[in-house]
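Novice: So the sequence lines, in the order shown, correspond to chains A and B. The first sequence begins at 1 in the numbering used here and counts up by one. The second sequence begins at 1 in the numbering used here and counts up by one.
Please note that the accuracy of each hint is not assured.
A pair counts as met if it fits within one copy or between any two copies, since identical chains are not told apart.
[Stated by the list, open to error] Listed below are the simulated SDA-like cross-link pairs for lysine to any residue, each with C-alpha atoms no more than 25 Å apart in a straight line:
hint, residue 1, residue 2
1, Lys-78, Arg-361
2, Lys-151, Gly-8
3, Lys-227, Gly-133
4, Lys-154, Ala-195
5, Lys-227, Ser-134
Rather than coming from a laboratory, the hints here were simulated on the basis of the structure.
Take a look at the letters that make up each chain.
Number of protein chains: 2
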Amino acid sequence: MRLAMLFGPDFHATLAEDPQAFREALEEFHEEDIAEIVEELPIEDIVALFRVLPDEFGAGVLERLPDERRSEVLEKLKVEEAASLLAEMEPDDRADAVQELDEGLQDKLLAQLDQVEPEAAQEVRELARYAEGSVGSIMTTSFVGCAPDTKVWKALDEVRRMTRAGELESIYYVFVQAFGDKLVGVASLRELILADPSQELADVMTENVVRILDTEDREVAARVIAKYDFHAMPVVDAQGKMVGVITIDDVVDVVIDEATEDAQKMGAVSPIEGGYFQTAFFDYWKSRVTWLVVLFLGGFLTANVMQSFSGEIQRVVTLAVFIPLIISTGGNAGSQSATLIIRALSLHEVEPRDWLRVLGRELLTGLTLGLVVGALGFLRAYFAADAQAIPLAMVVSVSIVAVVTVGSLVGSLLPLLIQRVGLDPAVSSTPFIASLSDVVGLLVYLGIASTLLG
Amino acid sequence: MRLAMLFGPDFHATLAEDPQAFREALEEFHEEDIAEIVEELPIEDIVALFRVLPDEFGAGVLERLPDERRSEVLEKLKVEEAASLLAEMEPDDRADAVQELDEGLQDKLLAQLDQVEPEAAQEVRELARYAEGSVGSIMTTSFVGCAPDTKVWKALDEVRRMTRAGELESIYYVFVQAFGDKLVGVASLRELILADPSQELADVMTENVVRILDTEDREVAARVIAKYDFHAMPVVDAQGKMVGVITIDDVVDVVIDEATEDAQKMGAVSPIEGGYFQTAFFDYWKSRVTWLVVLFLGGFLTANVMQSFSGEIQRVVTLAVFIPLIISTGGNAGSQSATLIIRALSLHEVEPRDWLRVLGRELLTGLTLGLVVGALGFLRAYFAADAQAIPLAMVVSVSIVAVVTVGSLVGSLLPLLIQRVGLDPAVSSTPFIASLSDVVGLLVYLGIASTLLG
Numbered sequence: 001m002r003l004a005m006l007f008g009p010d011f012h013a014t015l016a017e018d019p020q021a022f023r024e025a026l027e028e029f030h031e032e033d034i035a036e037i038v039e040e041l042p043i044e045d046i047v048a049l050f051r052v053l054p055d056e057f058g059a060g061v062l063e064r065l066p067d068e069r070r071s072e073v074l075e076k077l078k079v080e081e082a083a084s085l086l087a088e089m090e091p092d093d094r095a096d097a098v099q100e101l102d103e104g105l106q107d108k109l110l111a112q113l114d115q116v117e118p119e120a121a122q123e124v125r126e127l128a129r130y131a132e133g134s135v136g137s138i139m140t141t142s143f144v145g146c147a148p149d150t151k152v153w154k155a156l157d158e159v160r161r162m163t164r165a166g167e168l169e170s171i172y173y174v175f176v177q178a179f180g181d182k183l184v185g186v187a188s189l190r191e192l193i194l195a196d197p198s199q200e201l202a203d204v205m206t207e208n209v210v211r212i213l214d215t216e217d218r219e220v221a222a223r224v225i226a227k228y229d230f231h232a233m234p235v236v237d238a239q240g241k242m243v244g245v246i247t248i249d250d251v252v253d254v255v256i257d258e259a260t261e262d263a264q265k266m267g268a269v270s271p272i273e274g275g276y277f278q279t280a281f282f283d284y285w286k287s288r289v290t291w292l293v294v295l296f297l298g299g300f301l302t303a304n305v306m307q308s309f310s311g312e313i314q315r316v317v318t319l320a321v322f323i324p325l326i327i328s329t330g331g332n333a334g335s336q337s338a339t340l341i342i343r344a345l346s347l348h349e350v351e352p353r354d355w356l357r358v359l360g361r362e363l364l365t366g367l368t369l370g371l372v373v374g375a376l377g378f379l380r381a382y383f384a385a386d387a388q389a390i391p392l393a394m395v396v397s398v399s400i401v402a403v404v405t406v407g408s409l410v411g412s413l414l415p416l417l418i419q420r421v422g423l424d425p426a427v428s429s430t431p432f433i434a435s436l437s438d439v440v441g442l443l444v445y446l447g448i449a450s451t452l453l454g
Numbered sequence: 001m002r003l004a005m006l007f008g009p010d011f012h013a014t015l016a017e018d019p020q021a022f023r024e025a026l027e028e029f030h031e032e033d034i035a036e037i038v039e040e041l042p043i044e045d046i047v048a049l050f051r052v053l054p055d056e057f058g059a060g061v062l063e064r065l066p067d068e069r070r071s072e073v074l075e076k077l078k079v080e081e082a083a084s085l086l087a088e089m090e091p092d093d094r095a096d097a098v099q100e101l102d103e104g105l106q107d108k109l110l111a112q113l114d115q116v117e118p119e120a121a122q123e124v125r126e127l128a129r130y131a132e133g134s135v136g137s138i139m140t141t142s143f144v145g146c147a148p149d150t151k152v153w154k155a156l157d158e159v160r161r162m163t164r165a166g167e168l169e170s171i172y173y174v175f176v177q178a179f180g181d182k183l184v185g186v187a188s189l190r191e192l193i194l195a196d197p198s199q200e201l202a203d204v205m206t207e208n209v210v211r212i213l214d215t216e217d218r219e220v221a222a223r224v225i226a227k228y229d230f231h232a233m234p235v236v237d238a239q240g241k242m243v244g245v246i247t248i249d250d251v252v253d254v255v256i257d258e259a260t261e262d263a264q265k266m267g268a269v270s271p272i273e274g275g276y277f278q279t280a281f282f283d284y285w286k287s288r289v290t291w292l293v294v295l296f297l298g299g300f301l302t303a304n305v306m307q308s309f310s311g312e313i314q315r316v317v318t319l320a321v322f323i324p325l326i327i328s329t330g331g332n333a334g335s336q337s338a339t340l341i342i343r344a345l346s347l348h349e350v351e352p353r354d355w356l357r358v359l360g361r362e363l364l365t366g367l368t369l370g371l372v373v374g375a376l377g378f379l380r381a382y383f384a385a386d387a388q389a390i391p392l393a394m395v396v397s398v399s400i401v402a403v404v405t406v407g408s409l410v411g412s413l414l415p416l417l418i419q420r421v422g423l424d425p426a427v428s429s430t431p432f433i434a435s436l437s438d439v440v441g442l443l444v445y446l447g448i449a450s451t452l453l454g
C-alpha cells in the first residue's frame, strides 16, 4: 500500500521538489515490487525516476522490468546514463538487455561501456554469441576462480573482496582453475572456513566437479541442478575452460517456462512468450490457428471413413448413435497415456528404448480399463436398441475394449517414436493423438459392426 | 563409470576386507550419484554400507534415497545407528524420514534421538504437526537468528560457528528477532560484510521483510521465491514468530512436482506419486480408471442427443459423415483455450474476476478461428455431398463456426468458474471440456441441420 502511495497523485511534485526524499523512501522496498508499479507508468516518468535513483539500485529495478519496457528506458536515457546503469547490472541480465536493442544503439552503448567498464562490455560481446535457450545465454560470468596453489586465506579474501564489490551472484563456491583457465576443482565456502588457512586449494578442493557445457540446452542444466540440489554449477567450453556459472535462481525460471511451454504444446497451441493478457490479440490468434487447421484437415479422414460405411449406417441407424461416445472414449484413453508418457519423457523417467516395457504395460492397462468401460457400454447399448439388442451391445462393447486398448497404445508409443526421431513429443500431442484415435476408433467400430451385424 | 566399478563383483570382498579404503573411495563422489547406485542394491548390502560410512556422509546419501528404501534402511539398522544417522540429516529431511516410519519405530527412534540430540528430536515433533503440502512441511528450522542489539561482528561470528557445525543450509541471511522471536528484520551476508563491525543489527537490517505463513500452501512460497529471485525466505507462524526458512532448492522440487501434477490432472489422470515405471501396476490403473469411467458416463449424453436426431440422420446420412469432424474440432478449440487459461491461472496471470475480458477475447478468437476452419469445412462438404450440396455445406460450415466459438468460450470460462467455486481448474479439464463440447457440438450441428434442411 505504502509503495503505491509513493506513486500517487503527488508523484510528480515530490519527484521534482525533493528527489532525495523520494529516493530514500523507494529504497525501503524490494526492486521487484518497484518494477511492478513502474512498468505501468508513462515512459517519461520512468525515465525521470531512473535519473533520480542511484545506479546500483536502478540497475536492480531495470533488470526486473519486462523486456520491452527495459529497452524503451535504455533508448530514452542519454547514452552515458544508460551505460552507467548497465555497468551495475548482473552480467547475464546486462547481456540480455543489450541484445534486445537496435544494433545501432547496441554499438553506441557498448562503445560507451568500453569507457566506463571495459570488462563488462567484453562480457556482453562474449555472452551475445550464445544461442537463445543455451546454458551460455543464461549463465553469469562473475565467479571466484583461483589457481590450485592459492592459499585458503587468500581465496577467502578474494571472496570477501568480490562480495564487497557487489560482483558476486553466488558466494557458495570457489572454483579452482589450472593453466588455460581449465576447471580442475571446487571448494565450498564451508570447506574453506573449516580448512587450515595456510593450506593450498589443491589440498582441500574436490576434483570430481559436475560441470556443464556452455552450448548445452538450458533445460539440461536445470535438470542437473535440481537433481543434485546445487546452488550453482560451473559452465565450461568445449576446451574445458571455465567460462561462467549457472545459478539455481535462473533454474527456477527455466523450469517454470519449460512447464508452460510443454503445457501449451500439449494443448495444440504454439508457445506464446508473454502472459495471457500481455500477448497481443493477433499473436494469440496465430498461436492457435495453425494447429487447429492441421487437426481439422487430419479430421477429414474421419469423414472418409464415415462415407465408406454410410451404407451400414443407413441400414442400422442406431450404429451412428454410439459413434461420438466410442471415439471420445478412445481419445480419452489416449490422452491419459500420452500425458503420463510425455511427462515421464521430459523428466527422463522413461526413454524411447523402453518402448517394449511401455507396450506391455499399456496393453495390459488398455485391455483391463477397456473391460470395465466396455461392460458399462454393453448395458447402455442393450437398453438403447430397438432391435438386435444383444448383437448391437456386443459390437459396442467389443469396440470399446478395442478403442481403449488402441488409444492407450497409440498415446504411449507415438510420443516415444516422436522423441526417437528427434522431435519434441509434447508438440500438440494430446489433440493429435485424439484425432488419430478418432480415425482408428471409427475403423474398428464400423469394421466390427459390418462384420458382426453384416 | 568408476563409481559403478566400486559396486562391481568385488563389492562384498572389498567392503569386508578394507572398509576404510572403500569409504575413502566413495567419499570422492557426490551423495546423489551414490544414492542412485545404492538404491538398486539388496537391502542387506545397503545396511552394511551405511555401517561403514561416516554418519554425516551417510546422512547425505540417506536423504537422497527414495522414501521406501530410506524407511527400510532405518528399520534394519539398530536404533542407535539409525538415530545417529538421523542426527546428521537436515531438519526437514529428518522430519520427513521419521514420518514415513511405523508409529512404534517413530517413538523408539525419537526416544533415542532425545538422548543424542534432544533439539533435533523436538524439531521433528514440531515439523510433524504441519499438513503435507504446507510451507511448514518443507521448511528447515535451522537459521541464524539474532536480537536487534547484536553487534555485526557477533552476528558474523554466529554465521561462522553454525557453518562450521554444519547446521546451516543457507548462509545468505541473518534474521533479526525481537521479543517472542518475532521477525523484525533481515540482513544479508553481503550487507554485514560491508557494515562497520561495531554497529548493531538494528542499524543495518532491512525492516521490510517478505515473509510467508507456515500454514500457507508450498506452491505460494514457490511463486514468491521465484518472483523475487530469493535464495531463502523466512517462515512465520500466526503470531509473527519466525519458525523456519524455506530455501530455493526446495522450491525447484515444488515447481517440478506441481507442473507434473497439473499435467496429469489436465490429462484426466489422478496424480501418481512415483515415476512411470516406479508406480505399481494397480496404482497406475487406479489413477486412470475413475476419470475414464466418469467421462464415459458423461458421454452417454452424446448418445441421447444422437438418438433424438436419428430421424434426421436416417433421412440425410451424409449428415452423420461430418459428426466426428465437427465435434473433434470443437473439442480442439476448447482444449486450446483451456490449456492457455489453466496455465495462466496457475501462474496468476489471470484471475476469475477477469472473466469478462476473457469472454471478450475468446469470443473474438473463436469466431475468427471458426471462420477460417469453417471455410475449409464448406469446401469439404460441398464436394462430398451427393445432393443438396450447398445447403449441406452451409450447415457444416455454420456449425463449425459455432462449435469453435462455443468450444473456446467453454474451454476458457469453465476453468475460471471451477477456480471461483474453490476447486482445482486443472482437474481433468481438457477431456472434460472436450466431452462437454461434444454434446454442445452435436446439439448445434444437428439442431442447425434439422432447421435448415428440415
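Novice: Each hint should be assessed against the structure and marked as holding or not.
Specialist: Right, here's what the structure says about each hint:
Taking the shortest alpha-carbon separations for Lys-78 and Arg-361, neither the intra-copy value of 65 Å nor the inter-copy value of 39 Å comes in at or below 25 Å. With identical chains, the CA atoms of Lys-151 and Gly-8 are never at most 25 Å apart, being 55 Å at best within one copy and 38 Å at best between copies. Both within a single protomer and between protomers do Lys-227 and Gly-133 lie at most 25 Å apart by alpha-carbon distance, with minima of 20 Å and 20 Å respectively. Within a single copy, Lys-154 and Ala-195 get their C-alpha atoms as close as 12 Å, and across copies as close as 21 Å, so both meet the 25 Å cut-off.
Taking the shortest alpha-carbon separations for Lys-227 and Ser-134, both the intra-copy value of 19 Å and the inter-copy value of 22 Å come in at or below 25 Å.
Of the hints listed earlier, those the structure fails to meet are numbers 1, 2, in rising order.
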